[in-house]
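A.B. asks: Here is what each chain is made of, one letter per residue.
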Amino acid sequence: MDAPKVIEHEGTVREIRDGKARVAFLAKSACAHCQLKGVCSASEIEDKEVEVDVLGQTYQVGEKVNIVLARSLGIKALMYGYIFPFLLLMVTLFVVYGITGEELAGGLAALFVLVPYYGGLYLFRTRIGKEFKFFVRKFV
Amino acid sequence: MNQWKNFSKGLIAENAIFVQVLGMCPTLGTTTSAYNGLGMGLATTFVLVMSNIVVSMVRNYIPDKVRIPSFIVIIASFVTVVELTMQAYLPALFEELGLFIPLIVVNCLVLGRAEAFASKNTIWSSTLDGLGMGLGFTLALFMLGSVREILGSGSWFGLKFIQGDGMLLFVLAPGAFLALAYLIAIMNKFNRKNA
Amino acid sequence: MLSMFLALFLVTLISATILGFVYEFTKDAIAESRAAKQTEALKKVLPPFNNNPVQEMYKKAVDGDTLYFFPARKDSALVGIAVNTFSPKGFSGMIRIMVGFLPDGTIRDVAVLEHKETPGLGEKMVRSKSDWSVQFQGKNPKTFKLAVKKDGGDVDAITASTISSRAFCDALERAYKNLTEGGAK
Amino acid sequence: MEYFVILISAIFVNNIVLAKFLGICPFMGVSSRLETSVGMTGAVAFVMVLATIVTYLLQYYVLNPLGLGFMQTITFILVIAALVQMVEIVLKKVSPELYQALGIFLPLITTNCAVLGVAILTIQGKYNLPEAVVFSFSTALGFGLALVLLSSIREALDMVEVPKGMKGIPIAFVVAGILAMAFMGFAGLV
Amino acid sequence: MQKYQLKTFPKGGVHPAENKLSAGSPIKILPLPERVVIPVVQHLGAPAEPVVQKGDTVVAGQLLAQSKGFVSANIHASVSGKVFRIEERFDASGYKRLAFVIDRHDDTWDPAIDRSDTLHEHITASREEIIRKIQEAGIVGMGGATFPTHIKLNVPKGKKADILIINGVECEPFLTADHRLMLEKSKELMVGIRILMKALGVDRAVIGIEQNKPDAIDLLSSLAEKSSGITVQALKVKYPQGGEKQLIKAITGREVPSGALPVDVGAVVHNVGTTLAAYEAVQKNKPLVERIVTVTGKSLQEPSNFLVRIGTPVAEVIEAAGGLPEDTGKVVLGGPMMGKAVSKLDIPVTKGTSGILILPDSEAHRKPVQPCIRCAKCVSVCPMGLEPYLLMSLGQHQLWDKARRERALDCIECGSCSFICPADRPLLDYIRLDKMRIGALIRKEKKAVS
Amino acid sequence: MSNTVLYTVISLSGLGAIAAVILYFVAQKFKVTEDPRIDEVEDVLPHANCGGCGYPGCRQFAEACVKADSLEGLFCPVGGNEVMARVAEILGLEAVEEEPRVAVIRCQGSFENRPRTSHYEGATTCAVEHALYTGDTDCPWGCLGLGDCVEACNFEALYMDEKTGLPVVIDENCTACGACVEACPRDIIELRKRNKKDRKIFVSCINEDRGGVARKYCSVACIGCSKCFQVCPFDAITMGNNLAFIDSDACRLCRKCVPVCPTHSILEINFPAPRVKKELVTTAGADSSGKTAGTKDTATGKKSSSGDSTETQNKND
Amino acid sequence: MNKLLTVSLSPHVHGKDSTSRLMTGVVIALLPAWAVSVYYFGWAALYLPVLSVVFCMFFEFVIQKYMLKRASSLKDGSAIVTGLLLAFTLPSSLPVWILAIGALVAIGVGKMSFGGLGTNPFNPALVGRVFLFISFPVQLTSWPVPKGFHTSLTDAVTGATPLGLLKEGMRSGEQVSTLLKNVPDHMQMFLGYMGGSMGEVAAAALLLGFLYLLWKKIITWHIPVTILTTVFLFSGLLWLINPANNADPVFHLLTGGVMLGSIFMATDYVTSPMTPKGMIIYATGIGLLTVIIRRWGAYPEGVQFAILIMNAFVPLINMYVKPKRFGEVKKNG
Ligand SMILES: Cc1cc2nc3c(=O)[nH]c(=O)nc-3n(C[C@H](O)[C@H](O)[C@H](O)COP(=O)(O)O)c2cc1C
Ligand SMILES: Cc1cc2nc3c(=O)[nH]c(=O)nc-3n(C[C@H](O)[C@H](O)[C@H](O)COP(=O)(O)O)c2cc1C
Ligand SMILES: Cc1cc2nc3c(=O)[nH]c(=O)nc-3n(C[C@H](O)[C@H](O)[C@H](O)COP(=O)(O)O)c2cc1C
Ligand SMILES: Cc1cc2nc3c(=O)[nH]c(=O)nc-3n(C[C@H](O)[C@H](O)[C@H](O)CO)c2cc1C
Ligand code: SF4
Ligand code: SF4
Ligand code: SF4
Ligand code: SF4
Ligand code: FES
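Taken in order, these protein sequences are the chains called A, B, C, D, E, F and G. So in numbering that gives the first Met the number 0, spot 129 of the first sequence is number 128, and the numbers just go up one at a time. So in numbering that gives the first Met the number 0, spot 115 of the second sequence is number 114, and the numbers just go up one at a time. So in numbering that gives the first Met the number 0, spot 87 of the third sequence is number 86, and the numbers just go up one at a time. So in numbering that gives the first Met the number 0, spot 171 of the fourth sequence is number 170, and the numbers just go up one at a time. So in numbering that gives the first Met the number 0, spot 414 of the fifth sequence is number 413, and the numbers just go up one at a time. So in numbering that gives the first Met the number 0, spot 31 of the sixth sequence is number 30, and the numbers just go up one at a time. So in numbering that gives the first Met the number 0, spot 128 of the seventh sequence is number 127, and the numbers just go up one at a time.
If you're looking for bench data, these hints aren't it; they were derived computationally from the structure. Please note that a few of the clues may not be correct.
To be verified - Below, a list of computed lysine-lysine pairs in the DSS-like style, where the Cα atoms sit at most 27 Å apart: (1) B:159 x C:26; (2) F:215 x G:2; (3) C:43 x B:159.
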């Protein structure tokens with residue numbers, strides 16, 4: 000109920016150009032606790048980067064900042080990224096299977112329906128891109 | 000001396016299960032008895048040693064970027080070898096271990112050693128490393144299997160020493176978690192004292 | 000780019016070759032060990048025979064699954080029939096049992112082929128785990144009611160595993176019924 | 000109704016983590032943030048279903064006809080590894096911002112063990128394709144349920160003084176053990 | 000059966016034993032002390048700035064220190080005499096703070112002050128005048144918070160007060176100062192109420208009194224019938240009914256939003272003591288230099304109510320009530336639920352000192368802390384709907400950010416949670432720590448922004 | 000060769016080829032941008048994650064080091080110069096040597112020196128008691144003795160002395176991470192330069208009250224009399240707020256100030272016992288644990304010069 | 000004055016509740032049920048609970064002293080409650096050594112592993128009970144037939160609980176209505192004349208305990224009333240839909256551990272939610288799960304599992320179900 004409305008990650012400013020900052024942050028992977036993470040490929044404890052508008056703000060390269068993403072946007076991203084394609088997959092499978100009675104057809108249809116889905120995402124990428132706004136906050 | 004260390008570190012100091020808490024799935028899933036634990040441990044050890052050997056053999060010829068996929072292929076091949084061999088000659092055990100034999104492929108321990116050690120060390124060191132790690136893993140599985148079998152069925156390697164049943168829970172899923180929890184806790188204590 | 004492609008290709012190629020050979024090598028052994036389970040069971044539940052019951056096997060679809068009948072002959076005289084029977088009523092699902100009948104319908108012996116019952120409980124119907132199933136030897140379902148005592152039958156249930164015991168009886172009953180209902184040839 | 004049985008079975012009765020022991024590593028290691036667990040469930044569901052469809056088709060329409068059933072392990076792992084990463088690449092290509100937002104929202108999914116396990120289980124369970132899909136989807140839900148419960152309990156335990164030797168992994172296993180015990184109550188539901 | 004229709008606030012609250020030992024003893028005037036210590040801060044906000052110097056001779060009622068800044072209050076001399084020193088002295092805060100030490104000569108008063116007992120019912124002052132006079136008189140909230148009263152009377156632009164609530168609840172166990180005041184100064188009180196109503200521009204005032212003071216309810220009701228707009232509301236006995244937010248909720252049903260002020264829901268609350276002080280300031284030009292103090296305790300010889308000059312040492316007040324009992328373990332300024340324990344008795348009575356409570360050693364100690372059994376009693380008694388057990392453990396684990404989200408700042412420090420906890424956990428101690436640290440965090444953030 | 004082998008080879012090679020292509024792209028797109036040196040640097044760090052460097056954890060510090068052009072301002076107090084040298088080596092940078100530091104407790108208000116004037120009960124944290132009042136003594140500056148600092152220390156370098164009610168620093172363990180400084184609500188703990196053999200001289204008092212007042216609460220309070228200031232030959236002492244302060248960088252450990260302090264506010268720690276008391280300790284053997292004993296002694300408020308030190312009288316260097 | 004004044008933060012007075020007083024209250028509330036149990040099941044029902052308490056206290060003491068090296072907390076009385084409740088959920092024919100194992104698991108695994116009183120996410124007595132139930136199914140499902148006190152000194156005959164009979168019968172496809180002819184009638188069940196665990200049989204005595212707990216303000220009504228209502232409504236619904244296959248709702252309320260569980264075990268402070276709203280969610284879950292397990296599960300009785308499962312949800316509930324804050328500001332409305 001009183002959960003924070005934003006998700007924050009600590010990051011470092013990598014580069015600033017044209018009022019945009021590239022901010023790198025560490026995404027903890029599921030294996031974050033594992034002692035072999037340093038060597039285990041599967042444990043992608045990876046540096047991720049985001050680009051943020053910082054026009055009018057003063058940041059320096061190397062400065063620690065908090066990357067902030069509204070929680071609702073995170074959930075939206077989850078929807079676009081995983082939930083919708085998942086639903087699409089299921090629905091297509093069942094519909095095509097139901098109509099044709101062919102597993103192969105159903106399965107392949109389900110797989111290939113992802114192509115137009117991602118195609119759609121690609122078409123609307125600027126629109127979607129505008130939705131996902133991060134901002135950065137000075138580290139306190 | 001150093002070679003000894005390559006071998007021995009996996010037994011206790013860097014024990015995959017008690018210290019590093021890796022590869023928990025087979026650890027929990029296959030240790031209903033001492034025999035099963037031992038079998039799973041040895042199967043994993045085999046894959047670990049063989050893949051370590053092969054990886055260290057080819058390490059200089061594999062370009063960096065396809066390192067991981069190549070390793071996966073190598074490991075998966077050995078897993079399949081184990082699978083086929085067990086199916087042929089140890090069908091009963093294979094049935095007991097079931098799913099977990101193919102899952103050796105994704106055991107972080109195997110890939111982890113290939114990537115962390117074998118890809119940077121000589122064949123001999125890698126063999127010892129694999130052997131040590133594998134035996135440490137086997138040891139832990141064997142211990143867990145023993146505990147669960149003794150408490151759960153009142154027997155060891157199938158030899159009954161009490162009448163009737165043991166505490167059934169220990170051969171079932173919850174028993175696996177509980178037994179492992181307390182084994183790790185005891186090992187922690189033991190290790191900390193040594194350290 | 001090419002080198003990478005090549006390296007991976009080579010690795011898979013070599014692996015594949017080796018695997019192929021290992022498979023070739025173990026194929027027969029695997030097939031054998033698979034078949035062994037069935038023939039072992041047959042041998043166990045049937046009186047000595049010298050035909051190949053597997054060749055003479057016939058099936059019957061009942062209750063959404065299939066019963067397999069294996070007639071055993073000694074010098075072409077029918078000495079018994081083994082039935083690969085099943086019951087879906089196990090504690091955790093399907094149970095498959097091989098049961099051997101003598102020509103007069105007497106149960107010679109039983110062997111569990113497949114089950115998912117709880118270790119230490121239902122699992123006791125497997126001979127290697129307990130002698131519970133010995134009680135069926137030499138019993139003729141004509142006179143021996145294949146039901147646990149709780150349900151008014153003659154079978155002693157495995158302690159605390161009435162469900163598994165019931166399923167066991169269910170499987171035997173199914174085999175017996177279908178055998179006597181003109182299943183036998 | 001068949002689907003319903005599969006669903007209940009995979010979520011409660013044969014929970015992938017608590018009864019089948021798959022995906023224990025992420026179960027133990029995932030950050031104790033609850034929200035993350037929920038998000039992860041969604042992602043895992045997608046990946047699992049996708050992998051199931053691909054491996055299913057592979058098994059029944061390629062390997063089996065060719066008599067190559069024994070190559071299951073090696074082909075599945077390669078396909079799954081490639082698939083998981085392809086999803087990410089595609090996503091990154093088609094919408095970088097979306098990808099970045101996901102990166103902030105979720106930890107990476109590395110449940111190879113569970114994904115491979117489910118792929119193999121669907122073959123072993125002799126499901127047909129729709130059943131297989133329902134099965135893998137329910138398995139993901141079961142995974143998510145166990146994850147959410149454990150992470151919330153662990154978060155609560157962070158607030159109390161757990162004995163030194165039991166802190167961390169051991170106590171998490173004790174919780175998992177008792178949870179598995181409680182979940183045995185679902186036995187027989189299907 | 001009940002005479003009045005009782006109201007109360009809906010959620011939480013506790014019932015500590017009332018122990019109103021001194022309810023029946025009329026207000027006595029304490030003999031003037033030989034030396035008074037008058038701190039420059041006796042209110043919430045910035046210290047006042049001294050306007051007299053060491054060695055100066057002052058008369059009672061003379062301005063000693065001029066308020067500084069917006070939230071601040073004037074300080075006046077409570078006796079006439081010589082400023083012996085202006086130095087740091089221990090006061091009720093537990094620390095040393097700047098104070099005037101005055102050696103009393105006699106009892107000369109500033110001639111502008113009307114010290115007669117005549118009741119001036121007619122209010123001539125305009126709204127602005129009232130507020131100015133109250134400000135000059137250095138009046139602060141006497142219900143405990145010591146918040147400068149003139150600020151509360153200055154309703155901010157855009158907001159509108161429609162009801163004045165007079166806090167005669169006195170829900171704290173032991174204390175009877177307000178009770179006695181309502182009985183003995185009821186007429187002045189009514190005028191005070193009208194003054195405050197005029198200052199606020201409201202035409203409705205409600206006096207909230209708990210049911211355990213039936214005599215006060217009766218008396219004030221009969222008086223209120225004569226003045227339009229003023230009513231008396233009897234309330235169920237429940238601590239902390241006297242809390243501003245709880246009282247507003249009980250009487251009007253309105254809930255002051257988290258982080259907002261009472262005026263945001265149109266209500267302004269004043270304590271009866273404050274109201275009386277307002278009467279004296281406006282009608283008689285008298286600054287706030289004395290107040291009624293309850294001196295009480297189970298082992299005390301004669302629990303009483305005194306009219307005490309500000310700056311009188313606590314020890315002298317106790318002496319007048321029979322002296323400090325042998326078995327004393329703790330001395331608390333204020334009531335047992337919210338009062339402040341002090342470490343020494345030479346500290347002065349200040350504007351906010353409503354009572355002096357003397358607890359015997361047997362009741363002075365806390366029991367050993369036990370683990371929280373999560374009985375949820377603290378949650379159910381918290382009048383603010385907080386989760387004290389959680390706030391405490393967040394405090395122990397230094398998770399201030401989380402405590403802030405769990406609204407630690409809403410805590411009114413009523414102490415109900417610590418009172419009820421069966422495991423004797425010092426909940427409020429840690430919640431205060433939370434609040435302190437969150438405050439520091441907020442200041443830091445503000446700085447980072449600017 | 001049987002068909003199976005053939006199929007195997009063909010299909011798996013095909014798969015390998017496909018996988019190769021996919022994984023190649025993966026590798027391209029997912030080029031790990033992280034500098035591998037971060038791991039290396041992290042490896043040599045002490046993994047204390049104490050935040051003493053000013054970063055949230057060791058890894059963040061490692062990142063900062065790798066990204067920085069010079070190591071100026073980057074220092075891991077726990078690892079010290081040794082670790083920083085190794086970091087510098089990995090990064091090919093110049094290590095900036097920093098003086099090793101150690102925490103000291105600037106209060107001697109033991110039960111003996113500072114009479115209790117009340118009895119505090121309640122949450123056992125200094126922060127809460129500090130918010131409530133001066134504490135169970137009248138000194139509003141001094142140590143409250145509830146051990147927030149001990150709690151804060153990750154290195155078991157602090158403990159509460161039961162006898163004095165004051166925290167004691169174990170010099171060997173202290174990494175100068177500063178956690179205790181941060182934790183103390185009264186700012187009693189200071190990080191000072193670590194001298195040879197952990198010797199140190201400092202004014203163990205932060206009471207800024209006027210001398211007479213301070214003295215009333217605590218017999219060993221600094222009264223700001225300036226005697227030490229006058230005697231110091233190296234100008235290491237400054238006066239201010241009724242208090243003397245010895246700059247640890249300027250102090251040369253000559254110990255001239257110690258005996259002149261009328262309230263014995265100045266502590267000398269880990270010095271051999273003074274010569275005058277030589278005869279008193281003739282029986283004492285070479286006691287290697289003298290160091291700790293010395294520390295404790297001083298913390299109990301007894302002056303080192305009081306002579307009951309068990310230390311041997313190795314002559315000064 | 001030579002004595003030092005004590006200084007602490009407010010409040011300076013304290014209510015009279017204490018942990019041990021609350022625990023004593025629970026023990027008192029359990030006495031009627033204990034008495035009934037002794038009446039029906041004889042001596043065993045007298046000494047087994049006592050032994051159970053002794054074991055629990057012993058294990059708590061040993062673990063605290065020698066393994067955790069913490070101060071003993073036996074005085075708070077929670078181990079007594081755990082011991083009593085553990086025994087109350089077991090059949091009176093249970094061998095003592097199994098009881099000892101149960102006590103060890105309850106205290107050792109269920110409570111002390113997490114750090115002792117107040118830390119455990121799961122109800123310790125139930126952890127012990129379920130552990131035993133799974134480990135020793137035979138002993139845990141042999142129910143002595145209740146008799147009058149005087150006659151039960153001789154060896155008890157074992158029989159089935161009403162719920163056991165029901166499940167058995169349903170498994171073998173019999174009609175519920177015929178099955179129910181073999182069980183005691185409602186009045187007998189209300190007074191405890193049926194097979195079952197020592198403390199669970201007498202609904203009447205348990206309700207008496209409930210009233211005592213309410214009167215002493217030890218617990219609130221939310222959890223027990225909600226559980227009982229949910230069980231009643233859900234089983235009633237099933238019964239209305241198909242009376243041939245389902246037992247009537249009153250039967251469900253009176254048999255098995257529903258009474259004991261809802262009044263004494265689901266209400267365990269440590270393992271139940273902190274807010275009334277949370278309690279109602281939690282209790283509804285218990286009620287539903289109980290009936291689901293009884294009706295469709297493998298086990299005749301589901302309360303123990305239902306409570307443990309819902310225990311696992313408590314942290315979640317506490318996280319998301321907050322009390323109504325005073326002056327809550329509407330979300331940027
Ligand atoms: C963990 C566990 C596993 C069980 N597994 C089985 C089983 O495999 N077979 C079975 O018939 N009953 C099993 N049961 C059921 C009970 O033992 C129960 O007693 C059974 O429902 C019938 O009881 P009865 O045999 O005493 O009549 C199991 C119970 C538990 C607690
Ligand atoms: C910064 C600040 C500003 C305030 N401003 C006003 C105000 O403008 N009007 C008002 O009626 N009360 C104002 N108050 C007073 C509070 O609402 C409240 O009456 C006071 O804190 C005492 O309440 P209590 O004794 O219930 O704690 C203000 C308080 C603070 C701390
Ligand atoms: C828990 C609590 C209890 C209070 N009890 C009383 C009380 O009994 N009587 C009273 O006049 N003020 C009490 N107050 C103070 C009131 O909140 C409020 O500050 C006061 O009534 C405002 O009037 P004033 O500014 O004239 O003091 C209490 C405050 C709190 C936080
Ligand atoms: C109302 C109430 C109910 C309780 N119920 C149980 C219970 O069911 N099981 C148990 O082990 N302890 C119970 N206790 C005791 C105590 O809370 C329990 O031992 C803690 O869970 C141990 O941390 C109860 C205590 C109270 C006050
Ligand atoms: S009242 Fe005390 S014991 Fe109960 S929940 Fe609150 S803090 Fe815990
Ligand atoms: S949390 Fe604050 S408001 Fe709530 S009961 Fe405790 S002291 Fe009162
Ligand atoms: S004593 Fe202070 S500075 Fe030294 S290690 Fe401990 S916390 Fe850090
Ligand atoms: S030095 Fe500071 S933190 Fe440490 S005990 Fe003293 S007052 Fe507390
Ligand atoms: S997830 Fe299964 S072994 Fe790690």
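A.B. asks: Indicate, hint by hint, whether the structure satisfies it.
C.D. replies: For each hint, the structure was consulted:
1. B:159 x C:26: Given that 27 Å is the threshold and the Cα spacing comes to 36 Å, the pair is violated.
2. F:215 x G:2: holds (19 Å)
3. C:43 x B:159: holds (25 Å)
Of the numbered hints listed earlier, the single one contradicted by the structure is hint 1.
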